[in-house]
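Here the protein sequences line up with chains D and A, keeping their order.
Take 20 as the starting number for the first sequence in the working numbering and just add one per residue.
Take 20 as the starting number for the second sequence in the working numbering and just add one per residue.
Hints listed in this document are in silico derivations from the structure and should not be mistaken for laboratory results.
It is possible that some hints are incorrect.
Remember, identical chains collapse to one label, so a pair may be satisfied in a single copy or spanning two.
Said to hold, decoys possible - Listed below are the simulated DSSO-like cross-link pairs for lysine-lysine, each with C-alpha atoms no more than 27 Å apart in a straight line:
id	residue 1	residue 2
1	Lys280	Lys265
2	Lys84	Lys122
3	Lys265	Lys122
4	Lys265	Lys142
5	Lys142	Lys280
6	Lys117	Lys280
7	Lys122	Lys64
8	Lys84	Lys142
9	Lys280	Lys84
10	Lys280	Lys122
11	Lys117	Lys84
12	Lys84	Lys265
13	Lys84	Lys64
There are 2 protein chains.
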Amino acid sequence: MDIATVLEQERRHVEEELERHLPDEGEYPERIHEAIRYSVLNGGKRLRPIITFAAARAFGHDRAKVVKSACSVEYVHCCSLVLDDLPSMDDAMMRRGKPTTHKIFGVATGILSADALLMHAFKLVADNGVDVGADGPSVAKAIRDLATAVGSYGMVGGQHVDLEIGVRGNVDTETLEYIQTRKTGALFVVAATLGGTLLGVAPEELEGLRQYAGDLGLAYQIVDDILDAEGDAGEIGKDVGKDVGKATSVTVHGIEAAREKAARLISQAREALGVLDGDTTALDDIALYCLNRSH
Amino acid sequence: MDIATVLEQERRHVEEELERHLPDEGEYPERIHEAIRYSVLNGGKRLRPIITFAAARAFGHDRAKVVKSACSVEYVHCCSLVLDDLPSMDDAMMRRGKPTTHKIFGVATGILSADALLMHAFKLVADNGVDVGADGPSVAKAIRDLATAVGSYGMVGGQHVDLEIGVRGNVDTETLEYIQTRKTGALFVVAATLGGTLLGVAPEELEGLRQYAGDLGLAYQIVDDILDAEGDAGEIGKDVGKDVGKATSVTVHGIEAAREKAARLISQAREALGVLDGDTTALDDIALYCLNRSH
Numbered sequence: 020m021d022i023a024t025v026l027e028q029e030r031r032h033v034e035e036e037l038e039r040h041l042p043d044e045g046e047y048p049e050r051i052h053e054a055i056r057y058s059v060l061n062g063g064k065r066l067r068p069i070i071t072f073a074a075a076r077a078f079g080h081d082r083a084k085v086v087k088s089a090c091s092v093e094y095v096h097c098c099s100l101v102l103d104d105l106p107s108m109d110d111a112m113m114r115r116g117k118p119t120t121h122k123i124f125g126v127a128t129g130i131l132s133a134d135a136l137l138m139h140a141f142k143l144v145a146d147n148g149v150d151v152g153a154d155g156p157s158v159a160k161a162i163r164d165l166a167t168a169v170g171s172y173g174m175v176g177g178q179h180v181d182l183e184i185g186v187r188g189n190v191d192t193e194t195l196e197y198i199q200t201r202k203t204g205a206l207f208v209v210a211a212t213l214g215g216t217l218l219g220v221a222p223e224e225l226e227g228l229r230q231y232a233g234d235l236g237l238a239y240q241i242v243d244d245i246l247d248a249e250g251d252a253g254e255i256g257k258d259v260g261k262d263v264g265k266a267t268s269v270t271v272h273g274i275e276a277a278r279e280k281a282a283r284l285i286s287q288a289r290e291a292l293g294v295l296d297g298d299t300t301a302l303d304d305i306a307l308y309c310l311n312r313s314h
Numbered sequence: 020m021d022i023a024t025v026l027e028q029e030r031r032h033v034e035e036e037l038e039r040h041l042p043d044e045g046e047y048p049e050r051i052h053e054a055i056r057y058s059v060l061n062g063g064k065r066l067r068p069i070i071t072f073a074a075a076r077a078f079g080h081d082r083a084k085v086v087k088s089a090c091s092v093e094y095v096h097c098c099s100l101v102l103d104d105l106p107s108m109d110d111a112m113m114r115r116g117k118p119t120t121h122k123i124f125g126v127a128t129g130i131l132s133a134d135a136l137l138m139h140a141f142k143l144v145a146d147n148g149v150d151v152g153a154d155g156p157s158v159a160k161a162i163r164d165l166a167t168a169v170g171s172y173g174m175v176g177g178q179h180v181d182l183e184i185g186v187r188g189n190v191d192t193e194t195l196e197y198i199q200t201r202k203t204g205a206l207f208v209v210a211a212t213l214g215g216t217l218l219g220v221a222p223e224e225l226e227g228l229r230q231y232a233g234d235l236g237l238a239y240q241i242v243d244d245i246l247d248a249e250g251d252a253g254e255i256g257k258d259v260g261k262d263v264g265k266a267t268s269v270t271v272h273g274i275e276a277a278r279e280k281a282a283r284l285i286s287q288a289r290e291a292l293g294v295l296d297g298d299t300t301a302l303d304d305i306a307l308y309c310l311n312r313s314h
């Protein structure tokens with residue numbers, strides 16, 4: 020099977036798990052739970068949980084042992100998309116071909132449901148820790164890593180600086196990389212390491228995964244910028260050119276240098292897998308897919 | 020010393036700890052950390068962390084062992100106030116005599132800094148667990164309890180239903196109690212139990228604390244409604260009558276029945292302390308203060 024087919028199978032599996040681990044739509048207050056399900060079940064690529072499962076394979080652990088962590092990183096990602104789309108932030112009307120959450124449910128319910136989803140993610144990580152018999156320091160580290168990836172030194176910090184430069188209109192290479200490592204890279208790293216942290220995987224293996232996922236996340240974002248600059252609107256499913264006037268890898272580096280940088284990062288990411296003893300085929304495939312994807 | 024003096028001493032101590040455990044204002048991205056500090060260091064009553072310290076005393080543990088949990092519940096409370104004040108929610112201009120966070124920092128930074136503060140709170144609980152040598156299930160339970168208190172079955176749920184009835188304009192007793200137990204009671208319960216959960220306190224003692232804090236939180240909210248209906252604007256420090264047209268304990272029950280309900284809840288709360296072996300004087304004092312306070 021080619022990589023795209025394998026990833027599509029994985030995506031379907033993840034989709035089922037995401038649905039299974041959400042609160043039921045009928046639970047009170049219904050509107051919040053409807054909004055949560057609307058924000059999550061919208062046909063994303065599900066790359067982050069796919070990375071979590073691939074990492075478990077590299078650690079030699081069964082995927083069932085990391086399923087709650089896998090869902091939790093995707094829930095956090097969905098939460099961040101709802102917040103990014105708010106009128107006070109990117110003011111987006113559409114997301115993956117559907118109206119954004121706040122367009123359907125209103126701004127207040129959008130914000131509240133995003134935070135509820137974030138809380139649900141933390142519960143699942145805690146539960147995952149109990150399920151696999153993790154000790155106190157391991158559960159604490161998993162929670163700390165997730166909170167750091169989301170907070171002011173992670174996604175929140177990245178989104179804030181991104182909004183600030185949107186106002187200022189120009190950006191240097193360092194600031195752009197800051198934004199990309201925080202907005203995308205931070206959660207990729209958690210996706211790759213959360214399960215292993217709970218399962219007591221050796222620090223040097225986790226460090227290898229951290230490097231892999233950091234480079235992968237940055238490359239993923241650069242490829243996103245390239246696709247957005249030159250892609251076909253139908254294929255990538257959002258308005259091409261939405262980043263016009265916004266600093267991206269393409270506006271800062273030019274398209275050829277951006278391509279080279281992405282290729283270099285992916286090569287680095289694949290090398291970092293060398294410290295892992297287990298089967299890293301899936302992680303390797305994901306890295307190749309991220310570089311060569313057309314949507 | 021009278022209760023008010025003791026609580027004022029406690030408040031000052033908490034104030035120092037809250038300041039100490041926040042990220043530094045100068046850390047990048049500065050504006051997010053300024054907003055966080057602005058939202059937290061605004062002279063609140065600090066009742067929730069005071070409850071955490073009083074509970075530690077009842078468990079026979081040193082206050083140093085719960086200080087991070089104490090700070091974390093106050094940070095969560097401050098986060099919820101920033102979100103409640105947003106234009107899409109209560110649209111409040113002033114909070115404790117100062118412009119609300121989004122008025123100073125803008126709506127986007129308000130939301131982002133509130134979520135960053137929430138993440139900081141989770142980190143502190145995880146750290147507290149490591150500091151006291153808590154095992155995996157205890158750390159997981161503490162995280163789960165905090166996430167539940169904040170999420171769709173806790174504060175988020177309460178705020179959502181509160182906003183919904185604001186639109187509808189009428190409310191039954193059950194819905195009002197739902198809102199009050201979720202918006203106020205849930206975090207009071209976590210304030211009282213979080214430290215004990217990490218310290219491995221016996222389940223029946225934690226259950227006593229849970230009942231105490233649940234009743235206390237509800238009574239606190241009812242007294243708030245009474246003070247708001249009849250209080251003196253100068254003394255309570257916010258616009259009296261801001262709840263005009265909003266369903267409160269006073270509009271639903273009438274002021275006399277509201278007073279009786281608060282007194283009954285406080286009496287119940289104090290009785291629940293009977294299962295605790297340690298020194299419950301401070302918890303008892305807090306209960307009396309909550310009933311008799313004039314601001």
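Evaluation of the provided hints:
With identical chains, the CA atoms of Lys280 and Lys265 are at most 27 Å apart within one copy only, with a shortest distance of 19 Å there and 57 Å across copies. For the homomeric pair Lys84 and Lys122, neither the shortest alpha-carbon distance inside one copy (37 Å) nor that between copies (45 Å) is at most 27 Å. In this homomeric assembly, Lys265 and Lys122 come within 27 Å of each other (Cα to Cα) both inside a single copy, at 23 Å, and across copies, at 26 Å. Taking the closest pair of Cα atoms, Lys265 and Lys142 never come within 27 Å of each other, the shortest separation being 36 Å inside a single copy and 33 Å across copies.
Taking the shortest alpha-carbon separations for Lys142 and Lys280, neither the intra-copy value of 37 Å nor the inter-copy value of 34 Å comes in at or below 27 Å. In this homomeric assembly, Lys117 and Lys280 never come within 27 Å of each other (Cα to Cα): the closest approach is 32 Å inside a single copy and 48 Å across copies. Taking the shortest Cα distances, Lys122 and Lys64 sit within 27 Å of each other inside one copy (22 Å), while across copies they are farther apart (37 Å). In the homo-oligomer, the alpha carbons of Lys84 and Lys142 lie at most 27 Å apart both inside one protomer (15 Å) and across protomers (23 Å), since each shortest distance falls under that limit.
In this assembly of identical chains, Lys280 and Lys84 lie within 27 Å of each other by CA distance neither inside one copy nor across copies; the values are 35 Å within and 48 Å between. Proximity of Lys280 to Lys122 under the C-alpha cut-off of 27 Å is found in neither arrangement, the shortest distances being 37 Å within a copy and 41 Å between copies. In this assembly of identical chains, the alpha carbons of Lys117 and Lys84 never lie at most 27 Å apart, being 33 Å within a copy and 49 Å across copies at closest. With identical chains, the CA atoms of Lys84 and Lys265 are never at most 27 Å apart, being 41 Å at best within one copy and 48 Å at best between copies.
Within a single copy, Lys84 and Lys64 get their C-alpha atoms as close as 22 Å, which meets the 27 Å cut-off; across copies the closest is 44 Å, which misses it.
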